[in-house]
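Make the full structure from the sequences, and use the hints.
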Amino acid sequence: MNSGPDTTNNPPATAAPATANSAVAATATVITNIASLVTNDPSLGDGSPLGLIRDAAVVIDGDRVVWIGESSKAPATDNRVDADGRAVVPGFVDSHSHLVFAGDRTAEFNARMSGQPYAAGGIRTTVAATRAATDEALEANVTRYLREALRQGTTTFETKSGYGLTVEDEARALRIAARHTDEVTYLGAHIVSPDFADDPASYVALVTGEMLDACAPHARWIDVFCEKGAFDGDQARAILTAGKARGLHPRIHANQLSYGPGVQLAVELDAASADHCTHLTQADVDALAAGRTVATLLPGAEFSTRAEWPDARRLLDAGVTVALSTDCNPGSSFTSSMPFCIALAVRDMGMTPDEAVWSATAGGAAALRRTDIGRLTPGARADLTLLDAPSHVHLAYRPGVPLVTAVWQRGKRVL
Numbered sequence: 003m004n005s006g007p008d009t010t011n012n013p014p015a016t017a018a019p020a021t022a023n024s025a026v027a028a029t030a031t032v033i034t035n036i037a038s039l040v041t042n043d044p045s046l047g048d049g050s051p052l053g054l055i056r057d058a059a060v061v062i063d064g065d066r067v068v069w070i071g072e073s074s075k076a077p078a079t080d081n082r083v084d085a086d087g088r089a090v091v092p093g094f095v096d097s098h099s100h101l102v103f104a105g106d107r108t109a110e111f112n113a114r115m116s117g118q119p120y121a122a123g124g125i126r127t128t129v130a131a132t133r134a135a136t137d138e139a140l141e142a143n144v145t146r147y148l149r150e151a152l153r154q155g156t157t158t159f160e161t162k163s164g165y166g167l168t169v170e171d172e173a174r175a176l177r178i179a180a181r182h183t184d185e186v187t188y189l190g191a192h193i194v195s196p197d198f199a200d201d202p203a204s205y206v207a208l209v210t211g212e213m214l215d216a217c218a219p220h221a222r223w224i225d226v227f228c229e230k231g232a233f234d235g236d237q238a239r240a241i242l243t244a245g246k247a248r249g250l251h252p253r254i255h256a257n258q259l260s261y262g263p264g265v266q267l268a269v270e271l272d273a274a275s276a277d278h279c280t281h282l283t284q285a286d287v288d289a290l291a292a293g294r295t296v297a298t299l300l301p302g303a304e305f306s307t308r309a310e311w312p313d314a315r316r317l318l319d320a321g322v323t324v325a326l327s328t329d330c331n332p333g334s335s336f337t338s339s340m341p342f343c344i345a346l347a348v349r350d351m352g353m354t355p356d357e358a359v360w361s362a363t364a365g366g367a368a369a370l371r372r373t374d375i376g377r378l379t380p381g382a383r384a385d386l387t388l389l390d391a392p393s394h395v396h397l398a399y400r401p402g403v404p405l406v407t408a409v410w411q412r413g414k415r416v417l
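Per the working numbering, residue 3 is the first one in the sequence shown, and the count goes up by one each step.
Please note: incorrect hints may appear among the correct ones.
Dumping the calculated DMTMM-like pairs for lysine to aspartate or glutamate here, alpha-carbon to alpha-carbon at most 25 Å [said to hold, decoys possible]:
| no. | residue 1 | residue 2 |
| --- | --- | --- |
| 1 | K230 | D197 |
| 2 | K246 | D184 |
| 3 | K414 | D390 |
| 4 | K230 | D288 |
| 5 | K75 | D65 |
| 6 | K75 | D57 |
| 7 | K414 | E150 |
To be clear, the hints were calculated from the coordinates, so they are not data collected in a lab.
Have a look at this one:
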């Protein structure tokens with residue numbers, strides 16, 4: 003597992019000793035009697051990429067982790083939580099989702115499971131429903147799926163626009179998303195708007211002009227679906243370059259349905275992530291290994307479309323940084339469960355349980371160019387997930403079982 007890029011727009015986790023010290027306030031909270039603690043810091047514990055500590059404790063003060071180590075050496079605090087021999091992992095980082103939408107695509111899913119192939123055109127169904135929905139309905143939907151994800155251990159998520167495809171609808175999607183997360187992505191280039199079906203060049207001009215002007219103030223990222231039936235390489239380059247000029251950093255839907263230029267373009271533009279990465283040439287793999295772009299794999303999409311699985315083993319063996327994410331959306335991956343995606347990655351994509359957990363936490367953080375999340379070390383944000391199991395391996399070992407029993411987000415217990 004590659005440790006990923008160490009850059010962030012957020013304050014990095016401060017270097018601090020993982021031993022008891024006078025800086026630990028009595029009013030802090032200690033979680034003790036942890037059977038196994040995943041820190042994602044290889045300098046700690048067993049020295050693996052997971053930095054696994056047995057019989058561990060974590061101390062939270064405010065919204066930060068301030069101490070980690072062996073349970074017997076934990077400093078005294080006023081507040082104590084007994085993990086009772088269960089495992090703790092960092093809160094999951096879901097770095098790719100599409101939560102601002104209305105309606106569902108049950109009929110499409112039913113047809114696909116009955117033998118019809120998946121195609122990107124189904125997005126138009128959600129576009130029509132989303133345009134017709136009120137702001138209140140869209141907000142309620144986002145809130146619903148965020149609560150659902152939180153119950154499954156997700157403490158950080160990215161989400162996109164892309165189901166409005168008009169200036170007004172894209173901007174309102176981003177405004178709604180920004181009320182729930184800092185990781186907001188402008189995806190006006192999801193597909194060519196049905197309103198411009200006969201004039202895609204004019205739609206690209208809109209996405210890079212008036213729509214970008216309206217959306218840039220509400221987003222951190224810009225994305226494009228670079229695929230047959232969506233946007234070709236030249237169009238994708240124009241869209242992402244325009245976004246960069248407005249201060250938005252690129253990420254790309256790349257090489258999902260076929261071989262194409264998306265991955266190479268992602269590396270060329272220093273995109274934070276190339277997402278899907280199902281159909282890769284050796285040149286694509288080599289480019290990812292040589293650059294900073296994270297390969298974000300979305301096994302829920304392959305599960306829901308019966309498509310070919312990405313070859314995670316090939317990427318990992320080449321030294322590529324890999325993230326796992328849900329791709330939660332109403333068409334091709336209607337799941338908000340990171341544990342489910344971990345189980346799929348282990349079963350069908352060649353990942354070990356350790357690699358899958360790392361990719362769902364530290365890997366997701368790398369795909370967002372964050373160092374303050376996805377790990378549990380002194381100075382990191384206090385996002386923790388307590389499992390009703392003695393080891394993180396149970397996330398893959400017991401698929402479909404609701405193992406998440408408690409969640410801390412920014413230092414507060416929220417489940």
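Quick rundown of the hints versus the structure:
| no. | hint | verdict |
| --- | --- | --- |
| 1 | K230 / D197 | 19 Å, holds |
| 2 | K246 / D184 | 18 Å, holds |
| 3 | K414 / D390 | 19 Å, holds |
| 4 | K230 / D288 | 23 Å, holds |
| 5 | K75 / D65 | 22 Å, holds |
| 6 | K75 / D57 | 10 Å, holds |
| 7 | K414 / E150 | 18 Å, holds |
The structure fails none of the hints (numbered hints given earlier).
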